[in-house]
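Kindly produce the complete structure, drawing on both the sequences and the hints.
Chains A and B supply the protein sequences, listed in that same order.
Read in numbering that gives the first Met the number 0, the first sequence has 209 at position 210, and its numbers run on one by one without any break.
Read in numbering that gives the first Met the number 0, the second sequence has 107 at position 108, and its numbers run on one by one without any break.
Calculated from the structure, these hints are not laboratory results.
Glycine is no exception: its CB is placed at the ideal position from the N, C-alpha and C atoms.
Warning: the hint list may mix true and false statements.
For the chain B half of the interface with chain A, some residues (derived, Cβ under 10 Å), not all of them [unchecked claim]: (1) Ser-7; (2) Ala-93; (3) His-250; (4) Tyr-252; (5) Arg-270; (6) Gln-384; (7) Gln-388; (8) Asp-389; (9) Arg-397; (10) His-411; (11) Ile-466.
Short, incomplete list of chain A residues facing chain B, as computed with Cβ under 10 Å [said to hold, decoys possible]: (12) Glu-196; (13) Ala-198; (14) Leu-201.
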Amino acid sequence: MVDAFRRDRVGIASFCVVGFFVVLALAAPLITALYGKNPTEHYGQNGAGLLSPEGLPLLPNGGISAEHWFGIEPGLGRDVLAQLVYGVRTSLLIAGTSAAVVAVIGVVVGVAVGYLSGFVDRAFTFVCNVLLAFPALLFLITLGPVVQTRFVGPGESEPAWMQFLVLVLVFSVFGWVPLAMVLRTVVRSLREREFVEAARALGASRRHIVFRELLPNVWAPVLVHLTLAVPAMVTTEAALSFLGVGVNEPVPDWGRMISRGADVFYDDPTYLVFPGVSLLLFVLAFNLLGDAVRDALDPHTVR
Amino acid sequence: MSDRPALSVRDLAVTFRTARGPVSAVRDVSFDMAPGEVLGLVGESGSGKSTIGLAALALHDPARTRVQGAVRLGGDGLDLVGASESALKKVRGARVAMVFQDALDALSPYHTIGAQIAEAYRVHHPRAGRGEAKERAAAMLERVGIPAARASDHPHHLSGGMRQRVVIAMALINDPAVLIADEPTTALDARVQHQVLDLIGELRSEAGTAMLLITHDVGVVARTCDRMLVMRDGEALEEGPTERLLTSPAHPYTKALIGAAPTLDTVPGSRLPTVDAPEPRQRTEARLRAAPAPGVLAEVRDLRVDHPGRRRARPHPAVKGVSLHVAHGETLGLVGESGSGKSTIARALTGLRRPTSGEVRFDGRDVSGAATDTRLRRELSRDVQLVFQDPYASLNPRHTVEQIVTTPLRIHTDLDRSERGRRAAELLEQVGLSPSHLSRHPHEFSGGQRQRIGIARALAVRPRLVIADEPVSALDVSVQAQVLNLLMDLREELGLSLLFISHDLAVVRHFCDRIAVLKKGELVEVGPRDAVFDSPAAPYTRELLAAFPHHLPPGGGRPQHVAPVG
Chain A
0 MVDAFRRDRV GIASFCVVGF FVVLALAAPL ITALYGKNPT EHYGQNGAGL LSPEGLPLLP
60 NGGISAEHWF GIEPGLGRDV LAQLVYGVRT SLLIAGTSAA VVAVIGVVVG VAVGYLSGFV
120 DRAFTFVCNV LLAFPALLFL ITLGPVVQTR FVGPGESEPA WMQFLVLVLV FSVFGWVPLA
180 MVLRTVVRSL REREFVEAAR ALGASRRHIV FRELLPNVWA PVLVHLTLAV PAMVTTEAAL
240 SFLGVGVNEP VPDWGRMISR GADVFYDDPT YLVFPGVSLL LFVLAFNLLG DAVRDALDPH
300 TVR
Chain B
0 MSDRPALSVR DLAVTFRTAR GPVSAVRDVS FDMAPGEVLG LVGESGSGKS TIGLAALALH
60 DPARTRVQGA VRLGGDGLDL VGASESALKK VRGARVAMVF QDALDALSPY HTIGAQIAEA
120 YRVHHPRAGR GEAKERAAAM LERVGIPAAR ASDHPHHLSG GMRQRVVIAM ALINDPAVLI
180 ADEPTTALDA RVQHQVLDLI GELRSEAGTA MLLITHDVGV VARTCDRMLV MRDGEALEEG
240 PTERLLTSPA HPYTKALIGA APTLDTVPGS RLPTVDAPEP RQRTEARLRA APAPGVLAEV
300 RDLRVDHPGR RRARPHPAVK GVSLHVAHGE TLGLVGESGS GKSTIARALT GLRRPTSGEV
360 RFDGRDVSGA ATDTRLRREL SRDVQLVFQD PYASLNPRHT VEQIVTTPLR IHTDLDRSER
420 GRRAAELLEQ VGLSPSHLSR HPHEFSGGQR QRIGIARALA VRPRLVIADE PVSALDVSVQ
480 AQVLNLLMDL REELGLSLLF ISHDLAVVRH FCDRIAVLKK GELVEVGPRD AVFDSPAAPY
540 TRELLAAFPH HLPPGGGRPQ HVAPVG
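In structure tokens form, the structure reads like this:
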């Protein structure tokens, strides 16, 4: 399988790009320290000669200079590169945590239901249908403000962990359903295979069959599902922040940067380009990686 | 007969393009088929015999296959290699027809059999009206022994043998000059196989069709073919009249292929010749059980098992009141056609299936509830182990050989990791594999090696009873001989008691001390080997024996069915 992946050049390239973003996210404090900026300081307002009175960068191309490599933010005058690097952290933290939760719930529920069937299976199908019928997007948009008004006092600002938690919660609640449904089908066909009966004939317990015989055979679909789910969550998170219900100030976030960039697009188009291109690159690389993983795991794929 | 061959193959070479470079499937094969002649193409899986069949119809995908040489048809001498697609369309089905192994796959489930046969006719007779095609189809059905009234049935209404007859009717409706039959009877029970082969023989001699019969079964060739061609690894090893090749094969491989499958004449319990050892030391005395069994090890009493009906249909009985026992140190053979309930009895004895009624006892203890009681099944599996038919499906593809072989040790013993590893190495040696194979995965092994892994797993906890459910029927004949030899050796060494399930009478006769014959879930006959084979009491047993193909004709003439003695 590793060999098949190595032969896939697109797969290798996308794997490198994804790896690069992950390193950026992990090493964000180190990178900004070396670069000498931090993502929250208002350089434009504190220093002279960077922003015009209208709040637009004075230098051409969004204020790109030797000091601020990707320019500065219109209005508050924060450093774009530092914000971008910390923005990867936000996206990956939310998407990664959600993916982990989705994987655990999806695998446990999917494999258990696939193996047990009967009443459990009917109950599961009903729950899945309810969750799939749920207007997930509306739920995503409304839950953030509801939590804020319920748990946060009028004067205070919502703590960052609570914003993250709400997003992870919503992604997980709806995200495990498709994975569990896929795994249920996979396990239902696996348990009819003779090697499961062979394990039963050896005297294996249910636990042994589920964990030692079935689980090693489902990690391929899980891996494929997750590599395709992570970019979807990253875009959704960016979209929510764009709509103003995702991650709030002062936590750096790509979606909010894009939203701000759209506001000032006529006066400062450069500010929209950096987060937009970063998001595109990241999602594209992750999707290509998902395709490559799927091809590498499936011996029947012919190119 | 004209001098011109009906089909002439010259220097045929077929190469598949794969991701790992070209793979040669057939190299320099040449043969001729006279009109009305039956040529048997014999070989084991991977020998390239089916590839030749496909090449004779130019059915290979040109994007992935390179076909060289010539395949000429009689009459106008059209070369099918390199012929245009439109020319091939006129040939396929009209001048060269094909019968595939799996009749259910070859028929469309949505159309009636009459319509499918009529369609095959109309493709090559565009001016024929619906009525004419329908009449022809009905007549053809009658010729293959199916009442014309059943023309409006769908394939799933028919039995396996009847489906294969329909496929033959479709192939013959356009009076082809050449018929290619790729394992036409392999999926059928012996009795039905017999009928279908006779039918093919009759139709062929009526119409003068030349037939290429592709098979792995030397018995089928002996019964139907004038000449045979032995293939191995894509090369033709030996060609000649069937009788000569069967009685005095020149090539050692042919010798092994012919001798590898036990017949009803081989000495029971003798070592079978294999490709590596074509002439093992022969035993002239039949194996007799060393000591008469002192007691019963496992038994079922009045066992009934019902399969639950689909969609509220009534439950369908698989086993209807069978009483059987296996004595200490004995090998009991369970014979029957598909659907006779052999496997269900095995599963009831291993605690995988709950009996609907009746009793299952092991060593005097009632174990009927083992299917629902995990603890009881666990205790039972300490002593009773199962070897499965399909070595591909019964090994977990994601596990290493070590994990597979040590699973029973993990469950039943408290050996630590290194002790389990040692025992696994010991087991692999016992079944003729190298301990260096421990870290590999099942897909790296051949079918015979996988079956050895399955046997090693069954022996890991030193069970007292091994139930082998068709352990060799998915294997090639020479591999089958190796696995049978191994099982015979292990039985001697370990003093195993065995329940051996098979549809192959010769294998059962060769391997077992006592035989039980099942028919549709009922026990027809049970008795010592020689009694059952030499003087069968039940008419059904006699019928089974009569249908069984014999290789070596005693008088050198056309193979006869040996009439059962008694």
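Evaluated hints:
no., hint, verdict
1, Ser-7, "35 Å, violated"
2, Ala-93, "33 Å, violated"
3, His-250, "36 Å, violated"
4, Tyr-252, "32 Å, violated"
5, Arg-270, "29 Å, violated"
6, Gln-384, "7 Å, holds"
7, Gln-388, "8 Å, holds"
8, Asp-389, "6 Å, holds"
9, Arg-397, "4 Å, holds"
10, His-411, "7 Å, holds"
11, Ile-466, "9 Å, holds"
12, Glu-196, "6 Å, holds"
13, Ala-198, "7 Å, holds"
14, Leu-201, "5 Å, holds"
Of the numbered hints stated above, those contradicted by the structure are hints 1, 2, 3, 4, 5, listed in ascending order.
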